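Produce the complete structure using the sequences and hints provided.
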Amino acid sequence: MTSPAGPPPTGGGDEQRRVRLLAVTACPTGIAHTYMAAEKLSQAAESRGIDMKVETQGSIGAENVLDDNDVRQADGVIVAADKDVDLSRFAGKRVLTVGVAEGIRHPERLIERVLSAPVHTGGGAPTAPASGGGKERSAGYRALMNGVSYMIPFVVVGGLLIAISLSLGGHTDPSGGLVIPKDSFWMDVNNIGVIGFTLMVPILSGYIAYAIGDRPALVPGMIGGWIANTGELYDSKAGAGFIGAIVTGFLAGYLVLWIKKVEVPKFVQPIMPIIVIPIVATTALGLFFIYVIGRPISWVFEHLTDWLGGMTGTSAVLLGAILGLMIAFDMGGPVNKTAFLFGAGLIATGNQTVMGMCATAIPVMPLGQGLATLLRRRLYSEQERETGFAALFMGCFGISEGAIPFAAARPAQVIPANMLGGTVAGAIAGVAGVEDAVPHGGPIVAVLGAVSGVPMLFVAVVIGSVVTALTTVALVDVSRRRGAPALAGAGAAVSEPVPVGAGVGGAMESAKSVAGVGSSGEAGEAGEVLSGHLTERTVRVRLEAVDKEAAIREMAGLLARGGRVVDADELVAAALRREEQGTTGLGEEIAIPHAKTDAVSAPVVGFARSDEGVEWDSPDGTKARLVFMIAVPEAAAGDEHLRILSLLSRRLMDAGFRERLLAAPDEAAVVEVLREVG
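Just so you know, we're using numbering that gives the first Met the number 0 here: the sequence shown kicks off at 0 and counts up by one.
If you are wondering where the hints come from, they were derived from the structure by calculation, not from laboratory data.
For clarity, every value in this text was computed on a predicted model and none was experimentally measured.
Any given hint could turn out to be false.
What the hints assert, rightly or not - FRET-style restraints, in silico, Cβ to Cβ:
#, residue 1, residue 2, range
1, 415, 266, 33 to 41 Å
2, 461, 667, 55 to 63 Å
3, 565, 194, 21 to 29 Å
4, 415, 565, 46 to 54 Å
5, 264, 653, 50 to 58 Å
6, 261, 565, 55 to 63 Å
7, 543, 120, 51 to 59 Å
8, 48, 197, 56 to 64 Å
9, 454, 566, 35 to 43 Å
10, 665, 410, 48 to 56 Å
Heads up, the beta-carbon is just placed ideally off N, CA and C, and yes, glycines get one too.
Dropping the structure here:
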């Protein structure tokens, strides 16, 4: 339990009366800015005779972690972060929250401000500041990405288990349907997968709410998502799906924030976050969805079904295009289910053509999104590419939900692309008269013999998937160039509350590493430092480039001299993508561009010096004269390069060290100076 904040300590030389401050530094990638801000704050505190302990939340995990005793004795806490930091442990203390760039640029000012900062009352969401280094994502975007990152493993696990059970244990039944024998092993596997899919939507909703309203919002968010996905609760044959979950997640989060502002007696305050707020928010949100939102949804989709029924005598091309568009719109949501149930209901009447149109469109979305990650790998993070492989597998088995993580993260780009591909596939199936005798879709039903017109089904699926992939790539590329949000990539803040990295990619990232000493066979080379990652070959005392992009290209060429770069163009592209997340210009005439990419075979570090300086959007406005570039492969072993970067970032805060780097006459002298890093 923390002691309440009081007035700042005053007077006297007594050691016990010295001001004690804490700080937490963190940036989206958890690399250079994190450690430079920590060093700057520590230096500023030391120069003022103030005790300060700084916790760094970097890519190698939290270091110098603040414990309960530290918090109890602290007079104030500075949080200099561009990612979400849990503030609940600082309840009762003066807390100043700013961007990480402020910690680098104005550490003295922060130390002065924190002593009069407002007292943190607790119960607030982990919050990233509105300002900071680089392009800061909105609170809404971070919340959405938090939900997506937690949802991904449920989509992948549920989808793959269902796909495996269908492929190994399923068969077509003469009475209709793609079935797995009851009480069989594969039915148990299928049921486990169904549970994963069932939990997917409430997880998305719950963790969106959590990112906004902290733990009190988790229960109403999850229950709200369950209600949204359970159409029976509001007389609908199809629930609201992942779109409904996004709605309930934001409603729950902001409802909890509003309830927190209500003044209550002191004796009620301790039970507010664990009893009162969850109960009130869950009840209000649930009833609101059932009676206010749910019933109109039910009415709309009932009439939509009737409208589709009136179209069965019209052009097969038009009907196929409309059904394909609906199937692709929300991937298992109400629009998708309306089209699917319409097609499935007509099978019993002997009309199998409508189900054929639906079955053809069903796999287009996951196949198209998976294909997009293969066509333009540089537009996607490692987590997205891994999800793309899973989506390809799910698409083969008619599991359209495999595309949901992409649609939830980039709705403006992915949903239109999905709809276009689904429309094309459905229209082709309508023209070709593809028929499906079972209420399922995708190549799996053709393989199992439930489809007539198999060749045309595959033609339609391939064309639709290619259309989806190409459209997605084009829209994502355009949005990226315009600076639109993208799914959190390697090191980006999903969403990272976003406890970024949660989900499939997060688990894999934590297991993967990114350095290994001597793996390139150069461990014995003379003139190497930083555990062999930097050598005289990767040092240049004069950088010719005059702008950032040209400098990165020149640095990539410099790194290639070390023999560890296998694709220089991809290395440049990866480094430029990292710059879009936020500048790697750190101030003090320093820039450290970096990339995590398989364009390098082993970790490599380069250094170049610019006489005139390169404009790098640094927080203090200085041009970069000391440029380090770091590149590591996606799946190298260990985290040593991050530790080296931590040491390097801190060392660069020493003005004398920087002067020695600037004064070094040649590459060998630069390497000697860099030996001081350790």
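Each hint tested on the structure:
1. 415 / 266: 33 to 41 Å: 53 Å, violated
2. 461 / 667: 55 to 63 Å: Since the Cβ atoms of residue 461 and residue 667 sit about 58 Å apart, the hinted range of 55 to 63 Å holds.
3. 565 / 194: 21 to 29 Å: Distance hint for residue 565, residue 194 is violated at roughly 42 Å.
4. 415 / 565: 46 to 54 Å: At 35 Å between Cβs, range violated.
5. 264 / 653: 50 to 58 Å: 54 Å, holds
6. 261 / 565: 55 to 63 Å: Between residue 261 and residue 565, where Cβ atoms are some 59 Å apart, the hint holds.
7. 543 / 120: 51 to 59 Å: At 54 Å between Cβs, range holds.
8. 48 / 197: 56 to 64 Å: Since the Cβ atoms of residue 48 and residue 197 sit about 59 Å apart, the hinted range of 56 to 64 Å holds.
9. 454 / 566: 35 to 43 Å: The hinted range 35 to 43 Å holds for residue 454 and residue 566, with Cβ atoms some 38 Å apart.
10. 665 / 410: 48 to 56 Å: 54 Å Cβ-Cβ, so the 48 to 56 Å window holds.
Violation of the numbered hints given earlier is confined to hints 1, 3, 4; the remaining hints are satisfied by the structure.
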